[in-house]
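Protein chains: 6
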Amino acid sequence: MFDKTQKVLVISGHAADYVWRAGGTIAKYLNHGAEVKVVVLSMGVRGESNDLWDQPNQTYENVRKIRKSESMAAAECLGVKDIEFWDFEDYYMDLESEERITRLAKLIRDFEPYHIITHGELDLLNPDHDAVNKFVFKASVLAISNGVPIEGSKTSKQTRIFGFEPHQSEICNFKPEVIIDITETIEKKEAAMNCFKAQKHLIEYYGMKAFIRGNHARRLSGSKQYKFAESFTRRFPYVGEWLV
Amino acid sequence: MFDKTQKVLVISGHAADYVWRAGGTIAKYLNHGAEVKVVVLSMGVRGESNDLWDQPNQTYENVRKIRKSESMAAAECLGVKDIEFWDFEDYYMDLESEERITRLAKLIRDFEPYHIITHGELDLLNPDHDAVNKFVFKASVLAISNGVPIEGSKTSKQTRIFGFEPHQSEICNFKPEVIIDITETIEKKEAAMNCFKAQKHLIEYYGMKAFIRGNHARRLSGSKQYKFAESFTRRFPYVGEWLV
Amino acid sequence: MFDKTQKVLVISGHAADYVWRAGGTIAKYLNHGAEVKVVVLSMGVRGESNDLWDQPNQTYENVRKIRKSESMAAAECLGVKDIEFWDFEDYYMDLESEERITRLAKLIRDFEPYHIITHGELDLLNPDHDAVNKFVFKASVLAISNGVPIEGSKTSKQTRIFGFEPHQSEICNFKPEVIIDITETIEKKEAAMNCFKAQKHLIEYYGMKAFIRGNHARRLSGSKQYKFAESFTRRFPYVGEWLV
Amino acid sequence: MFDKTQKVLVISGHAADYVWRAGGTIAKYLNHGAEVKVVVLSMGVRGESNDLWDQPNQTYENVRKIRKSESMAAAECLGVKDIEFWDFEDYYMDLESEERITRLAKLIRDFEPYHIITHGELDLLNPDHDAVNKFVFKASVLAISNGVPIEGSKTSKQTRIFGFEPHQSEICNFKPEVIIDITETIEKKEAAMNCFKAQKHLIEYYGMKAFIRGNHARRLSGSKQYKFAESFTRRFPYVGEWLV
Amino acid sequence: MFDKTQKVLVISGHAADYVWRAGGTIAKYLNHGAEVKVVVLSMGVRGESNDLWDQPNQTYENVRKIRKSESMAAAECLGVKDIEFWDFEDYYMDLESEERITRLAKLIRDFEPYHIITHGELDLLNPDHDAVNKFVFKASVLAISNGVPIEGSKTSKQTRIFGFEPHQSEICNFKPEVIIDITETIEKKEAAMNCFKAQKHLIEYYGMKAFIRGNHARRLSGSKQYKFAESFTRRFPYVGEWLV
Amino acid sequence: MFDKTQKVLVISGHAADYVWRAGGTIAKYLNHGAEVKVVVLSMGVRGESNDLWDQPNQTYENVRKIRKSESMAAAECLGVKDIEFWDFEDYYMDLESEERITRLAKLIRDFEPYHIITHGELDLLNPDHDAVNKFVFKASVLAISNGVPIEGSKTSKQTRIFGFEPHQSEICNFKPEVIIDITETIEKKEAAMNCFKAQKHLIEYYGMKAFIRGNHARRLSGSKQYKFAESFTRRFPYVGEWLV
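For the protein sequence lines, the chains are A, B, C, D, E and F, in the order given. With the numbering used here, the residue at position 163 of the first sequence is 172, and numbering never jumps. With the numbering used here, the residue at position 213 of the second sequence is 222, and numbering never jumps. With the numbering used here, the residue at position 198 of the third sequence is 207, and numbering never jumps. With the numbering used here, the residue at position 198 of the fourth sequence is 207, and numbering never jumps. With the numbering used here, the residue at position 138 of the fifth sequence is 147, and numbering never jumps. With the numbering used here, the residue at position 160 of the sixth sequence is 169, and numbering never jumps.
What the hints contain is simulated information worked out from the structure, not anything from laboratory work. One or more of the hints may lead you astray.
Copies of the same chain are indistinguishable here, so a pair counts whether it falls within one copy or spans any two.
Stated by the list, open to error - List time: in silico DSSO-like cross-link candidates among lysine-lysine, alpha-carbon distance up to 27 angstroms: (1) 206 to 46; (2) 163 to 115; (3) 184 to 143; (4) 236 to 163.
With the sequences and hints as input, model every part of the structure.
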């Protein structure tokens, strides 16, 4: 059931992760008037910009700029207004520092998300994604602990934490627990994906993923109107008033 | 979100299973006006009536009668009006016969449940429970298959299938996926449990389980009003419009 | 390494399974001159012909005939000459009878496959597929046992057993262990899939699966020429002279 | 299928690991003319030289010297010419530093291995081994990433990564995925093992392991000529042209 | 802690299983004066007598006789006086019949074992072993159920159930939970194994297994006197007065 | 079997963990005259004192003092005389430093425990607990390694390592492997729990856990005198002379 007051926080390891993996869901929440904030931890300069580096005389700063502008354009396609670029170096991200964990804990306290969406527990091919998963969980624990003082913030409530589907789902032990229909926003997602010009092969790939997940969504629910979908893991059990 | 038109079908291996494991949830759906049907496959005469058999000159027929009347009384406490006793022999139930599977498939087609609740995949101590799990799944597949003719019935829609929490959860690989707040119906559940006079120790036990699951429900959701809860597995992923 | 003398036996639960799940691999072996035999255990009349049953006055016999002719046409597209239809009833297949197990064991002894391809261990949505998996394994054990006399046959050698990818891979614990490039035969596979006229949605679906697996194949191997692929599980470890 | 141009890189946590766990496979590749490089990360002075420390007045430097000379002698028995000793302190190895990861990434880029063999994911009794597993994986990811500049090196191709069998396989969740026949090199392996004079009990132990794995190799393949074998895990699925 | 009054019941699928997998433990209990009963369900004529069938003009009856006499001789070597041969056909054993389950349930009630040792949950290469595992568990549940009348028997107490180590432990998900030192009875076990003349390769194999498990036993316990061992799974958690 | 000379070392992440999770077992060992040492790594000021922080003007130092005095009072209730407070900061504990690991390794060498009880492998809600698990394991490995010199200590023997049951057992993959009857010390445990005045809800919760585990203990063992119990995981298999 949609509740406009339930805010969504998305933490993306690299510049494009939030688009491939949750773009349709993000656009849907925004479509209906919910608040969504996206935090992009790195530009993915070192690890996720292979095609850009194939160009001669490429520089870190140039790749960084391109990725940032692509990511901003994609955000706009999805309707995202609230996006932060933390600009950490990737491959490998240092996410163990107290300063960085506290920074995210403070953001959680200040934004007060009901749902957090970020990387899931295992990406067998990308160690950065695993690091982000741990980082977000740790920060979320600090955020809800009364005894952890962070200047200018007050303790937040327990959030729900969802995990992105990784690129090669099956070898990463990914098991979809929550499948969200994105039929109404598939076009926004496609537009957003098309902003990442150096990753054409991924655009086609993630379009097909959405189609395949749509097939599963119909089959498992009996709801024939679902055409495209995104899937997620859920860190904790569902708790509520009624069977879902 | 509660939807009065979504019917709930509960399949219970023995006379009391549906009470210990889902009594609060059943009562809650009924409280709010949804239709709930309970099918009790066996009276549990051989496998779940140890205390009755401790009495001298006990007979199968007598135990059967006692268990049935207890189960009927418990159903009344929960508000269940629609209950069927199929009266199979237990320990071990023969649930492989085409006749029995077709009977349940027909019932599913006729009742058109949105949710089915029954035994989960593994009960390390009770092979009947595992057999019921397979039985219900097979019947549900027949029920939704166009090409399976059953006289007097028409193909039904895909249902959601939830698994009961077994008696010793942790050694049965039980992982709660859906935790339902039963604070409003805990008293009905207690009244229902008290109908099973020969199983006093279980009444206390399942009261504590509900308290413990209530603690978990509060902790995981941040909703302080949850005092008692029941938990279930979910056979398939959640599919829907919004994150839950 | 391709070895023309290594025969491939494919055991398909229903009329179309071998096409969706292994059509490209079958066509490739045939392209290069290896012997491939396909055994279709059932026509999938009851369980996998939903669209046909939507037509008025449909009959078992008519569906059976349509499915058989589609399956034969598909086989021809793949280049399969050696195909047997055992025509068991499906939903649910009775595969526990000694007569049926012995029949398959004899076929294994007579055909002497090096590789067997059949359904994998778990299909959370299709109990027939799980039954076929057990059936094939049991028959293969009888086939290689010296002490099991079957008239007119002599004991065969240990085979390798591969499992099909199920329809919803991730909820069936499917983990690809062997990914086969089918770039050279993708067109034959598409032609074969197009023979199943009542299952248009699956044709598109399995075309995308092949594309997605092709992406994985390139990424994991570094071999850029792989465009389309099929994936399988492996029942036993690889044993050989060299790392693969 | 053997391909002489496919180089093998072996990363060994301590001085003797590569011998116990992959000595036969290494010798076989060398026998047939492939290039093999071994990197020994530590001498195992603190963690794997218990018997040496039982001698009075033992010193770190002395144990280090003995272990190194034993390891060099063993390498010679196997035919290894290309071996590097990085001489890190063990128990516990610090393998998180950027400098060390970059050093290995550069080595991978320069050597261009087709196969990497190193410690598997879990050794319940030896935390150094787990650290090496992570270290090698991280370095291999850097090595293939276009956007990670390392002076004097150019991006390498995706490699295959195999995991050693740990000492107590079954309590470490070890499941053999690739079993390599080492019948032709078992004598070289035995000679190499005999270089580690202070670990007599392990020589007998790993001789038996090779015999037991040989039994499994015969049983699973039907190839009676396999007498001795070594087994490995495979980090990623096999990708190729044909079923293996 | 040894308690002479705790009886041990061993259920062996085929004629030699109890020797390879638990011979040392059986001999040890007998050495110290405990009662041990062995039930051999089949002679393994069809499935575990390959070498005998290699001889010309071999017959079922002859293999049966040889296997029985070998099994009796082995029992004598171990000191077993109480052994029953149920002589079921193997490959595949029919263990689903009510008559057979009741027969075993009655035996359990009459013998009153404290420990039951039988096949574990998964043997990836031998479906008979899995069937025996289920058979014994079901019978044990009947045996302790008050409401299950079996003529001439009275309800027994809950037993502990241990699982044999299968032939290829690692591919069968076998994880040792209980490792028993058999140093004092290794010679009896070897003598018993030598009774199975047509299986020479297994004698050497299981001798090495005992040595390898002895190495593990020493390492995990610090008890240097353990030279040979056998290992088992445990169906239920250990329950007792003190940490073990 | 109880052996008075087998010392027990308990490592508790926060001030109250050892009481909720092992208080009954600790009191029992002490009752019978065994030596037990408790090490409390942190006061849980930041992470486990939410209720105290709800009071106005609360300070770190004040919470620290309250928690320490509560923990000392609880220890006294259990009969613990030997308790150390290491007073690390919690949320998150830094347990990777060489100095801290060496400190614990030295303590293990000096105290010479036969059993170590500490946090298990996974607490999905509390990252400190996971860190303690790794910390204790690493220190225990250093402690038994001959080649690791620590001033003033000599190498200790292999210990057994048991894991606490976490707060939400089932979502933490907790599977009880050892269940200890604490009927004789339940009152001491209750007294100890009552010392933690700001955590009333946990006192009731852990009382019920003990009751529920008592139910399981009776059911699995057939020993009707077990009323209350605590459960643990076991890091390594049981090794011994007899089946347990």
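### Message
Under the constraints set out in the numbered hints, which ones does this structure not fulfil?
### Response
Structure breaks no hint.
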